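Two chains, each in its own frame: build the complex with the hints.
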Amino acid sequence: MDAPASEKRLEQLREKAWQEGVVPGRGVDVVGGPIPRKPGYYGEPVVKPPVWTWEIPLYFFFGGIAGMSAVIALAAILFHHVDVARAAMWLAAIAGAVLSPILLIMDLGRPHLFLNMLRVFKHRSAMSMGAWILTAFGACAVPGLIALELHAHQIFAGTPDQLLSFATVIFIFGAAIFGTLLATYTGVLIGATAIPAWFLHRTLLPIHFGTAGLGCAAAVLELFGYRISALNFIGFYTAAVETALLIWLSFDKHGAADRAIHEHGSGWFIRIGEVLNGPLALLLRFFGFIPLAAISFLAGALVSRIGWIAVGKVSGADPEAVFASQR
Amino acid sequence: MIGEGLQSTNQRKHSYVQDRVEVGFFTDPSVCIGCKACEVACKEWNQVPDDGFTWTGNSYDNTGHLGASTWRHVMFLEQDRAKGNQVAGTMSLGDGEDPFRWVFLSDVCKHCEEAGCLEACPTGSIVRTETGTVFVQNDVCNGCGYCVVSCPFGVIDRRPSPLPDAGGAFKCTFCYDRQKSGLVPACAKVCPTESIVFGRLDDLRAHARKRVEDLRQHGYNDAQLYDPTDTSVRGIHAFFLLLGEPEAYGLPPRPQVPTIYLKSAWTAAFATAIASIIATLVAFAFSS
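Residue numbers (the numbering used here), protein chains in the order written: chain A, 1 to 327; chain B, 1 to 288.
Same shape as in the complex, but just chain B (with noise of 0.2 Å):
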């Protein structure tokens, strides 16, 4: 973490996978500068498609949002209050009557601890690793697409054609196999302000429960850890300290699993074949 040099969970190797410990990546506003390294690690290290050279118009975010081929995303919002104790604003410099901030944040897949798109797999091709993350098996996946919607955060995708393996659903691995090899995922090994912190679920979580209260005093009162511990999705293995509301990030304020519908939407389909087979014999029975 921010400090430890070469002894931050972010340089050293790590034997997660063997020992079968919970993982987890921080990333922190705070700290983050914007320059795209974890998108480009990424795309790199996985092998990801280039999925397009738009122009947004959005600030300098012209990537856009989570899908099949971009698996870090780097928020760029711009907002009309202060960031801490900065003062800046659109037009007036210093009098600090139009403040004006720009945050920066680096969005992933959540590894949800009761993840929407592994439940709704039909083919069992998302299944949850020795780490406690997400993983798409790429040649099981037949591309059925109830994964998509299913996500409460619309992470997961289905990749178009003609892009390479295209049809299947693709998101964030968590750098599984370089986890494997005792490697820190791509793009927190590159984030040059540890914005990105990768390492153990419990230590990532003290870690930021003190970085707010630390921000707090230091001005930033709209400091908060966004990690739905107390919605059905029960915390998030890839977690987010938020300036502001999660709104202004595109993120639900309250996620749900999708799975917590099913038990009313079966009660109305059984009670529906019941009243459908009741009426036919009826139906029958009376014109008979």
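Chain A extracted, bound-state conformation (with noise of 0.2 Å):
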């Protein structure tokens, strides 16, 4: 209401209550009050929005690299690709090992008390879960990744040589299971909260950030040159996921309550993230542009872990994406 008309009505009602000493009807509707008008209790958060920040996106990220590559490295190993292992299991080992402890310590309020992670575990807990699943990466991926080098170099002959190539075999199995649970976990670490748009999409997430890890790690092999037809059927292959995983996202709405993932700068995020690693990434392998695929499919599983992040935030901030989920 404008404020000459809400004046207007003022002096209305003060001429009435002199003249009649009561005064009935509605009198004047400021505008933001008194009546609250906003979702639920004056627009407040039902749920509290994640408190995470941009090292949790990359973290992400880097975990889902590092955990594929020792599948890569594990196949790789198997079928008598010893580069290609080696390479993988860099990867591994320093995404793995290194970059993702370091971004995980970051986020936390407390980082001096990160040891405290280990301290119990708690199969309910998918971040505990995360944390030993990491360390026991870590614990396979290091060793793993020494003995490799040290078999490759020939640094030992004869039956030491042996038990390390047996030992090599047995590490770079270990971080390849534990590898696909630090890619796919994340997805349920995020999926099994209160936060609407995360819980509703609970199925998705882990096959999407498995799925965009195993594609990532593929595509930073390609990008260090090891440009063979293994490497290019995975990135079909997550590529492809990918694909059909946009399809069912824009199929799986549901409402006001997931709509920070189609609406607000979230829902841009997570568009983009999908179309670069899913379609595009599918078209510009096809048409053999291998470098190109590779990079678009790493900028769109960047953007679209940011994006689930910030989608997280939108979501949580909601609450009348949260009332929505449960009627």
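Derived from the structure by calculation, the hints contain no laboratory data. Here the structure is a predicted model, which means the values were calculated and not measured. Check each hint, because a few of them may be wrong.
[Unchecked claim] Beyond 12 Å from chain B on every Cβ pair, some chain A residues (computed):
id : residue
1  : E7
2  : A152
3  : Q154
[Said to hold, decoys possible] Computed list of lysine to aspartate or glutamate pairs in EDC-like fashion (alpha-carbon distance at most 20 Å, straight line):
id : chain 1 : residue 1 : chain 2 : residue 2
4  : B       : K36       : B       : E22
5  : A       : K38       : B       : D61
6  : A       : K38       : B       : E78
7  : B       : K43       : B       : E22
8  : A       : K122      : B       : E113
9  : A       : K38       : B       : D80
10 : B       : K13       : B       : D222
[Stated by the list, open to error] Some chain A residues near chain B, calculated using beta-carbon distances under 7 Å:
id : residue
11 : V82
12 : A157
13 : I195
14 : F224
15 : G225
16 : S229
Even glycine gets a Cβ: it sits at the ideal position worked out from N, Cα and C.
Spelled out as structure tokens, the structure:
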């Protein structure tokens, strides 16, 4: 209501009160008060949005690369692509045993207490499981890399070398198993929360994060010059799955409950990310632009992870999303 | 409880911790006068730092919401309906045509039977006490922030810098330190109208049911109990009487503990893990 009209109404009310002693009917409807018209309690968030900052999407990105690199390393070792295996294990160790822990510790409110993560083992807490998975992954990837390098450089000969090559396979096998969990548990982590846009897509998230991790690992190796058809095949497979997920996400809508995925700035992050690592990466690869496809996939995976955290912040702060998800 | 004077459970010394008795809070807006003594007592006793003097413009509520440094929060609802048989209006006094009511409710951590924060905590910092309440051990918490997104009521939060003890997660302790010494939690102790009642959970639930009935007989047709026993949260230790819908109080109508989502999420994760291994092995097998 514009100011002059409400002033006029106030004058009428004063006049009436003066003449009749009481004023029937509605008073002055002040914009913004006195009856709140925002959803819920003055539009206050019902659940708390995540407090996580830029470290977490970056960790999701590098953790995915690290974990799935170990899977590529295992397949490469089994099928005698030793060069690819070595590069993949370096990638796994640097991204998984150096970058990931640093990012995770940086995000803690009290970084000096990071070791408390290993104080208990709780299978019902995805964060606890994640801490143990990352630890187990590091404990396999680092010795796996050392053993692989020692073996590749023929430092020892005879029986020690045979033992070393056996240990290499065991460690890389362990790294690959924990690596698949490292790349996928992050989807469980945000899927099993009270944030509507996250828990409504709890089956999509682990598939998306894991598959994007595999595609990113292959893309990084390709950009480092390992242009073998196996990595190209992985590129096709992951971009195809991501395209399918993009279609799934555009059909599996929950109205106001998950509107953060489809509206706002956070929605654009998701859309751009999914197009980059889905259809665009697939097309570029189909026409043989492998480095461009790899860059597109990597960029898409990173943007989409930033997007999913942004979605959590928007969705958590939106009281109507919480109400809609429970009705 | 109301009318019991010094015999009220809000005033008596107790041994609930030693006897391992389930305790609770029952908060009743129909007698709350919005004095915020509970907020002040909580801050004073627990030495909770101030988190800013902001003017929200939301009625007389300048506290805003529960958080790391706000463990009791008195809500001020302004609604265009009548409160029981009271006659009030925004302008039209007496004719009941333009009804208005002012409702106050002191919000607090719900101390869930199945607590999302407790389940999510990776350090074991959050524990359940002898009296069934949920307690954060501040010296163990490393501030990972996972409890913040796991609470279905948006209660627990990480305290930002530069406040004292910044970086850790904080929420209502149910005055565990006072309870251990047989004292009543600070908020209930000071509540001048016994809108906040502290006591045995069973007694409180019975009292609350009776209170809802009484209010309904006196014209409070929208009085109801807020205690989600029929969802995965399986009931809360700090439950409320509400006038009207839970949504108006910023309370989730059907809160769920997020652990119920684990099964489908992990299934998708394991399926992706297996699919990724197979796809990679196939890729290398056919290109070798």
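Tell me, in ascending order, the numbers of any earlier hints that this structure violates.
4, 7, 10, 11, 12, 14, 15
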